[in-house]
Amino acid sequence: MSTITIRTLTESPKPILLIEGETNLVANLKFRCDAYWLIDQLDPDHKYDLLGSKFRGVGIDRLAQVLSTGIDVVPSDAPIFADRLDKALEYGGVPKVVLALDPTKLDRTFREVSANTDPDAIAELKKTFPTEIKSDCGTMLWLTKLSFEDRRATKSYERDYAWWIPGNSMEALRAVLLFTDSIQAVTDPLSAFIVQHGATARES
4 MSTITIRTLT ESPKPILLIE GETNLVANLK FRCDAYWLID QLDPDHKYDL
54 LGSKFRGVGI DRLAQVLSTG IDVVPSDAPI FADRLDKALE YGGVPKVVLA
104 LDPTKLDRTF REVSANTDPD AIAELKKTFP TEIKSDCGTM LWLTKLSFED
154 RRATKSYERD YAWWIPGNSM EALRAVLLFT DSIQAVTDPL SAFIVQHGAT
204 ARES
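Using our numbering, the first residue of the sequence shown is number 4, and each one after it goes up by one.
Hints listed in this document are in silico derivations from the structure and should not be mistaken for laboratory results.
You may find that some hints are simply not true.
[Said to hold, decoys possible] Derived DEER-like restraints, expressed as beta-carbon distance ranges:
| hint | residue 1 | residue 2 | range |
| --- | --- | --- | --- |
| 1 | Ala-118 | Pro-47 | 43 to 53 Å |
| 2 | Asn-31 | Phe-151 | 29 to 39 Å |
| 3 | Thr-131 | Thr-6 | 39 to 49 Å |
[Said to hold, decoys possible] Below, simulated BS3-like cross-link-like pairs (lysine-lysine); rule was C-alpha separation at most 25 Å, straight line:
| hint | residue 1 | residue 2 |
| --- | --- | --- |
| 4 | Lys-50 | Lys-108 |
| 5 | Lys-90 | Lys-158 |
| 6 | Lys-129 | Lys-17 |
| 7 | Lys-90 | Lys-129 |
| 8 | Lys-158 | Lys-130 |
Glycine included, C-beta positions come from ideal geometry on N, C-alpha and C.
Go ahead and model the full structure; you've got the sequences and the hints to work with.
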C-alpha cells in the first residue's frame, strides 16, 4: 500500500492528527486498508482511545465549528450520526474530516415506550425527544429528536447510528482526524493551531 504520513499537529485543546497521502489513496482509504490497522497506526499507545470511539465524517467546511465547539452541528445537542471508522470514511471527498467521539458522552436520539405510559412521564420525555410516532399496532410510542418527516426515524438507521450529545460537546470529542493529499488543503482553518503548537511527524 502507498505510504501515508501521520502528523500530530496539536494535543490541545484536543488532538488533531493529519493523515497525508496521495489523492487516490486518501479518497478510497476505506477500501485500501483495514480500519483496525489504521486505528493502530494512528493510536499505537491507545492514548486517544480511538479503538473504543464512535467516528463521524464531516466536510472540511465544518472544521472551524468542530475546533470551536467539539462538534459540527448547531446547536451542539442536535442529532448526529456516528459509527465505525470505515463508515465515517465514506463521507466527504478530499480532504476528509473525521471526528473520534467518546461513546460514554453520547446518548441515543430516541426512547421507545408503551402507549399506556403515564402521560406526565411521556410529556417529560418529549421535552428532550419531541417527535412522537405511534407504532402501527398502536401499543408503542417512538419518541425521537429527529423530525417526523425524517425517513430515518424509527428505522434501523436511527437505531444503529443516531446519537446526540447531552453534555459538553468538547468533552465528547476525543480527536480530530484530517485525511488529506496536501497540508495546504487544511491550512486556513488550522493555521492558528499549527503556529501555536507546531507539528511532529511520524510515517506509516
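Checked hints:
| no. | hint | result |
| --- | --- | --- |
| 1 | Ala-118 <-> Pro-47: 43 to 53 Å | 51 Å, holds |
| 2 | Asn-31 <-> Phe-151: 29 to 39 Å | 37 Å, holds |
| 3 | Thr-131 <-> Thr-6: 39 to 49 Å | 47 Å, holds |
| 4 | Lys-50 <-> Lys-108 | 18 Å, holds |
| 5 | Lys-90 <-> Lys-158 | 18 Å, holds |
| 6 | Lys-129 <-> Lys-17 | 33 Å, violated |
| 7 | Lys-90 <-> Lys-129 | 31 Å, violated |
| 8 | Lys-158 <-> Lys-130 | 22 Å, holds |
The structure is inconsistent with the numbered hints 6 and 7, although it conforms to all the rest.
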